[in-house]
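So the sequences go chain by chain: Z and D. If you read the first sequence in full-length UniProt numbering, its first letter stands for residue 1, the second for the next number, and so on. If you read the second sequence in full-length UniProt numbering, its first letter stands for residue 1, the second for the next number, and so on.
Incorrect hints may have been included.
[Unchecked claim] In silico PhoX-like cross-links for lysine-lysine, where the CA-CA straight-line distance does not exceed 20 Å:
no.	chain 1	residue 1	chain 2	residue 2
1	Z	Lys308	Z	Lys347
2	Z	Lys33	D	Lys163
3	Z	Lys644	Z	Lys563
4	D	Lys163	Z	Lys150
5	D	Lys137	D	Lys174
6	Z	Lys580	Z	Lys644
[As the list claims (entries may be wrong)] Non-contacting residues of chain Z with respect to chain D, defined by C-beta distances greater than 10 Å in every case (computed):
no.	residue
7	Gly36
8	Ile37
9	Arg73
10	Ala105
11	Gly147
12	Arg149
13	Pro175
14	Ala221
15	Leu322
16	Gln396
17	Asp443
18	Gly449
19	Ile459
20	Met549
21	His579
22	Ile640
[Claimed, not checked] Just so you have them, the derived chain Z footprint on chain D, three or more residues with Cβ under 8 Å:
no.	segment
23	65–71
24	213–223
Read the hints as simulated data drawn from the structure, not as lab findings. Note that the structure is a prediction, hence the values are computed from the model and not measured. Cβ atoms here follow ideal geometry from the backbone N, Cα and C, with glycine treated the same way.
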Amino acid sequence: MEKTASSGALESVPALLLRNAAERGARPAFREKEFGIWQSWTWAETEKEVEALALGLINLGVKPGDFVAIIGRNRPYLYWSFVAVQSVGAVPVPLYQDAVAEEMAYVLEHCGARFVIAGDQEQVDKVIDVQDRLHQFEHMIYLDPRGMRKYDHSRLHDFRHVQEQGRAAYDEFMPELVRRRAALGYDDICVMLYTSGTTGRPKGVVLSNRNILITSENSAAFDHLTENEEVLAYLPMAWVGDFIFSIGQAFYAGFCVNCPESPDTMMTDLREIGPTYYFAPPRVFETLLTNVMIRMEDAGRFKRWLFKVCMDHARKVGPDILDGKPVGAWDRFKYALGELLIYGPLKNTLGFSRVRVGYTAGEAIGPEIFDFYRSLGINLKQLYGQTEASVFITQQPDGEVRSDTVGVASPGVEIRIAENGEVFYRSPGVFVEYFKNPESTADTKDPDGWVATGDAGFIEEATGHLRIIDRAKDVGKMADGRLFAPKYVENKLKFYPNILEAVVFGAGREMCTAFINIDLTAVGNWAERNNIAYASYQELAGHPEVYAMIERHVAEVNESVAKDEMLSGCQIHRFLILHKELDADDGELTRTRKVRRRIIEEKYADLIAALYDGSTEIFTRTEVTYEDGRKGEISATLEIRDAKVVGGGERMAAE
Amino acid sequence: MLDASEGYTTADGRKIGGVLMEMQNITLRFGGVVAIKDISFDIREGEIRAIIGPNGAGKSSMLNVISGFYRPQEGAVIYKGRKRPAMKPYQVAQQGIARTFQNIALFEGMSVLDNVMTGRLTHMKSSLFSQALWWGKAEAEEIANRELVERVIDFLEIQHIRKTPVGRLPYGLKKRVELARALAAEPSLLLLDEPMAGMNVEEKEDMSRFILDVNDEFGTTIALIEHDMGVVMDLSDRVVVMDYGKKIGDGTPDEVRNNQDVIDAYLGVSHD
Numbered sequence: 001m002e003k004t005a006s007s008g009a010l011e012s013v014p015a016l017l018l019r020n021a022a023e024r025g026a027r028p029a030f031r032e033k034e035f036g037i038w039q040s041w042t043w044a045e046t047e048k049e050v051e052a053l054a055l056g057l058i059n060l061g062v063k064p065g066d067f068v069a070i071i072g073r074n075r076p077y078l079y080w081s082f083v084a085v086q087s088v089g090a091v092p093v094p095l096y097q098d099a100v101a102e103e104m105a106y107v108l109e110h111c112g113a114r115f116v117i118a119g120d121q122e123q124v125d126k127v128i129d130v131q132d133r134l135h136q137f138e139h140m141i142y143l144d145p146r147g148m149r150k151y152d153h154s155r156l157h158d159f160r161h162v163q164e165q166g167r168a169a170y171d172e173f174m175p176e177l178v179r180r181r182a183a184l185g186y187d188d189i190c191v192m193l194y195t196s197g198t199t200g201r202p203k204g205v206v207l208s209n210r211n212i213l214i215t216s217e218n219s220a221a222f223d224h225l226t227e228n229e230e231v232l233a234y235l236p237m238a239w240v241g242d243f244i245f246s247i248g249q250a251f252y253a254g255f256c257v258n259c260p261e262s263p264d265t266m267m268t269d270l271r272e273i274g275p276t277y278y279f280a281p282p283r284v285f286e287t288l289l290t291n292v293m294i295r296m297e298d299a300g301r302f303k304r305w306l307f308k309v310c311m312d313h314a315r316k317v318g319p320d321i322l323d324g325k326p327v328g329a330w331d332r333f334k335y336a337l338g339e340l341l342i343y344g345p346l347k348n349t350l351g352f353s354r355v356r357v358g359y360t361a362g363e364a365i366g367p368e369i370f371d372f373y374r375s376l377g378i379n380l381k382q383l384y385g386q387t388e389a390s391v392f393i394t395q396q397p398d399g400e401v402r403s404d405t406v407g408v409a410s411p412g413v414e415i416r417i418a419e420n421g422e423v424f425y426r427s428p429g430v431f432v433e434y435f436k437n438p439e440s441t442a443d444t445k446d447p448d449g450w451v452a453t454g455d456a457g458f459i460e461e462a463t464g465h466l467r468i469i470d471r472a473k474d475v476g477k478m479a480d481g482r483l484f485a486p487k488y489v490e491n492k493l494k495f496y497p498n499i500l501e502a503v504v505f506g507a508g509r510e511m512c513t514a515f516i517n518i519d520l521t522a523v524g525n526w527a528e529r530n531n532i533a534y535a536s537y538q539e540l541a542g543h544p545e546v547y548a549m550i551e552r553h554v555a556e557v558n559e560s561v562a563k564d565e566m567l568s569g570c571q572i573h574r575f576l577i578l579h580k581e582l583d584a585d586d587g588e589l590t591r592t593r594k595v596r597r598r599i600i601e602e603k604y605a606d607l608i609a610a611l612y613d614g615s616t617e618i619f620t621r622t623e624v625t626y627e628d629g630r631k632g633e634i635s636a637t638l639e640i641r642d643a644k645v646v647g648g649g650e651r652m653a654a655e
Numbered sequence: 001m002l003d004a005s006e007g008y009t010t011a012d013g014r015k016i017g018g019v020l021m022e023m024q025n026i027t028l029r030f031g032g033v034v035a036i037k038d039i040s041f042d043i044r045e046g047e048i049r050a051i052i053g054p055n056g057a058g059k060s061s062m063l064n065v066i067s068g069f070y071r072p073q074e075g076a077v078i079y080k081g082r083k084r085p086a087m088k089p090y091q092v093a094q095q096g097i098a099r100t101f102q103n104i105a106l107f108e109g110m111s112v113l114d115n116v117m118t119g120r121l122t123h124m125k126s127s128l129f130s131q132a133l134w135w136g137k138a139e140a141e142e143i144a145n146r147e148l149v150e151r152v153i154d155f156l157e158i159q160h161i162r163k164t165p166v167g168r169l170p171y172g173l174k175k176r177v178e179l180a181r182a183l184a185a186e187p188s189l190l191l192l193d194e195p196m197a198g199m200n201v202e203e204k205e206d207m208s209r210f211i212l213d214v215n216d217e218f219g220t221t222i223a224l225i226e227h228d229m230g231v232v233m234d235l236s237d238r239v240v241v242m243d244y245g246k247k248i249g250d251g252t253p254d255e256v257r258n259n260q261d262v263i264d265a266y267l268g269v270s271h272d
């Protein structure tokens with residue numbers, strides 16, 4: 001693309017910052033609750049803060065092309081760090097803050113980060129732990145000085161001190177900063193994000209300014225985002241979605257990014273801010289709904305009755321009203337009454353009163369959960385995306401929202417379905433490369449720019465919406481050649497509030513079996529109401545009544561799976577309830593909480609064998625990793641149950 | 001031997017100042033029972049000083065003497081270089097000594113924020129009249145106090161329960177709220193009565209972290225009583241060991257750990 005003087009001015013995030021400071025300098029850009037009060041920074045103030053930090057970075061010796069790691073929870077200072085790093089021509093690399101030191105060591109060494117900007121002592125400690133193994137690491141900047149007084153400060157710097165030094169050296173370095181900022185163009189790297197990767201080592205996805213800015217522009221136009229939006233930034237900064245929402249779109253459209261006081265106060269802060277544009281993975285919506293339902297169970301009889309009557313009506317007409325379809329006047333009147341009595345107050349409690357556009361993505365969302373929020377009048381939609389696409393591949397336009405599709409191609413995106421069902425896409429957002437990994441880049445992206453998603457799906461002919469079935473590599477065949485799509489069944493299981501996670505096995509086997517993880521909040525509450533005593537997660541998970549309940553859920557899922565002719569072979573014949581929650585610290589889930597099949601299959605080989613050899617119980621020992629990295633072991637005897645299956649799916653004779 | 005006027009430097013490089021409080025030959029009796037018998041030791045500025053001992057050794061009595069709640073029959077308490085006269089507990093508080101209690105003493109019906117605000121009471125100067133009318137000095141004072149309290153809340157990471165009534169909190173968090181209230185008073189000497197009692201390992205680790213951070217950030221002198229030997233040895237700069245009302249050891253954790261009397265008191269000796 002040809003660079004002209006005018007477009008060149010807006011070919012990077014720092015350029016957008018300068019524009020915002022000039023055009024809407026007095027509007028709020030960032031807010032953070034601290035010491036119980038929302039502190040805010042206007043675009044003009046933000047510009048000055050970023051400038052001071054950028055000058056400080058030059059002072060510390062950051063050179064164009066350097067990689068600077070950013071680790072911490074969502075705070076304005078760290079968002080400024082992204083832009084300051086970009087301003088000096090370096091590349092920001094955000095890391096997941098809950099990663100253990102080992103994982104950090106790999107990423108820091110792989111990108112060869114010379115500098116690290118860390119949120120607090122916890123993150124600093126992790127980097128110090130591994131710094132001897134990092135060849136290029138030089139300096140670390142920390143934000144929260146708490147507990148850091150006694151540290152050796154030869155390579156450690158206080159964030160504010162770096163800014164002060166930058167301000168002091170204004171005359172000396174400003175020309176250099178202006179020069180470096182002006183040199184930024186569409187082809188420069190905007191950010192490098194490591195994908196957590198369901199298999200193997202994380203890969204560094206290189207996204208250029210072109211990827212991020214054009215995607216932000218297109219997606220902001222799709223949902224008519226303006227400078228009046230409010231978002232709450234609470235999802236990990238290392239995740240591409242947060243980067244697009246809180247930096248890409250926020251800087252493009254000029255809206256305000258709000259940071260919660262602490263991860264624990266998220267719900268209160270959400271209510272206080274009342275975002276207009278909101279994003280959450282299905283898990284968050286599930287948890288919220290579970291909490292609402294649990295609290296309703298504890299309410300008085302009249303309130304429960306009122307809630308039920310209103311919600312029944314909302315389910316009937318709510319989604320249609322939201323989609324602008326014709327609804328009778330009497331039903332509209334009843335809905336308005338419900339809004340006054342239940343929906344309005346409930347949305348207010350949840351912090352969703354002002355949500356104009358809400359998105360969920362990352363996993364399939366249960367239809368009941370999805371419909372619940374839509375029937376309340378919350379415009380919740382689904383999108384399908386990847387880090388490699390700068391998020392957007394498909395999304396649902398207003399008025400065409402359904403729980404079983406992921407929408408139509410986003411603006412500027414082309415979609416193609418390969419013969420084996422795998423979804424391919426091509427767009428301006430398509431990543432440049434995997435850092436230092438040409439083989440993987442070539443495997444994923446062909447010379448014409450088509451990228452393999454790794455997901456299998458199809459496009460509905462009537463509507464043009466994309467439907468995703470499963471990971472392409474997970475879709476397999478059973479021993480008798482029937483189609484095996486584990487995720488499809490797992491999602492159906494996970495739609496029950498009592499089931500947190502499920503892993504289905506069956507590739508190359510005669511029948512399907514499953515591991516189930518119960519949801520401690522939902523099942524614990526159920527146990528309390530039914531006077532079932534338990535001392536630990538393990539004991540609750542193994543309780544006969546819990547088993548009976550899960551058995552009913554599995555039977556219902558089998559019934560529903562049996563209706564789909566293609567997939568009727570995926571009914572679950574035998575299952576067990578795991579004695580521990582699957583955990584990212586144990587490597588069983590990715591940091592974005594996706595199941596790592598390969599690792600689970602290796603780790604629990606004994607349990608899988610027992611599922612297939614007909615035994616009714618099995619004794620097992622499992623290694624667990626605590627949050628501080630120490631390891632321990634738990635042992636348990638697990639019961640294995642047969643589940644009811646529906647005709648056509650009967651187990652074939654084993655021999 | 002330690003000099004009375006000059007301090008020392010700890011193993012991790014903190015400077016410990018001069019004597020803040022000195023107990024001189026304290027003896028405390030309840031009728032015929034001698035709870036504390038002729039005990040002397042000092043607490044220096046900036047240090048973490050522990051008092052340990054088996055059950056019934058007289059630790060809590062000692063802490064109550066320090067806090068002015070009990071009046072010893074013999075001996076003297078020298079605080080900031082002056083002999084302390086008989087005082088009411090609130091007068092002791094005004095002198096900059098704050099404490100937490102073994103059996104949590106919070107206002108259960110009040111929110112965490114209000115509870116912590118009560119820690120500022122001794123610092124409020126405006127009259128009852130102006131406070132009731134929210135007029136004059138009262139407003140500015142309340143805002144300044146609230147700001148300090150918010151810093152304590154941030155420091156102890158209890159923002160998420162700011163507005164929660166204390167009665168609804170689990171035990172471990174109540175302990176933290178109590179520490180917050182004591183800290184809000186900006187004490188020069190902080191007394192902690194069994195801060196880890198009844199906690200699980202994780203809660204103990206958190207509490208230890210907070211105690212160390214308080215000492216490090218604000219330079220607060222801390223005297224604590226604790227049962228858990230491991231915790232005490234890790235946290236404290238110097239330790240007084242009591243048994244049956246007598247002092248049987250005093251020194252750094254290493255010195256105390258190798259003291260034969262202390263080993264006997266904790267592990268027991270055969271009486272043959």
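Here is how each hint holds up against the structure:
| no. | hint | in the structure |
| --- | --- | --- |
| 1 | Lys308/Z to Lys347/Z | 16 Å, holds |
| 2 | Lys33/Z to Lys163/D | 15 Å, holds |
| 3 | Lys644/Z to Lys563/Z | 15 Å, holds |
| 4 | Lys163/D to Lys150/Z | 34 Å, violated |
| 5 | Lys137/D to Lys174/D | 32 Å, violated |
| 6 | Lys580/Z to Lys644/Z | 25 Å, violated |
| 7 | Gly36 | 5 Å, violated |
| 8 | Ile37 | 8 Å, violated |
| 9 | Arg73 | 12 Å, holds |
| 10 | Ala105 | 24 Å, holds |
| 11 | Gly147 | 6 Å, violated |
| 12 | Arg149 | 6 Å, violated |
| 13 | Pro175 | 40 Å, holds |
| 14 | Ala221 | 38 Å, holds |
| 15 | Leu322 | 33 Å, holds |
| 16 | Gln396 | 34 Å, holds |
| 17 | Asp443 | 44 Å, holds |
| 18 | Gly449 | 46 Å, holds |
| 19 | Ile459 | 45 Å, holds |
| 20 | Met549 | 28 Å, holds |
| 21 | His579 | 20 Å, holds |
| 22 | Ile640 | 33 Å, holds |
| 23 | 65–71 | violated (count 0) |
| 24 | 213–223 | holds (count 3) |
Hints 4, 5, 6, 7, 8, 11, 12 and 23, counting from the list given before, are not met by this structure.
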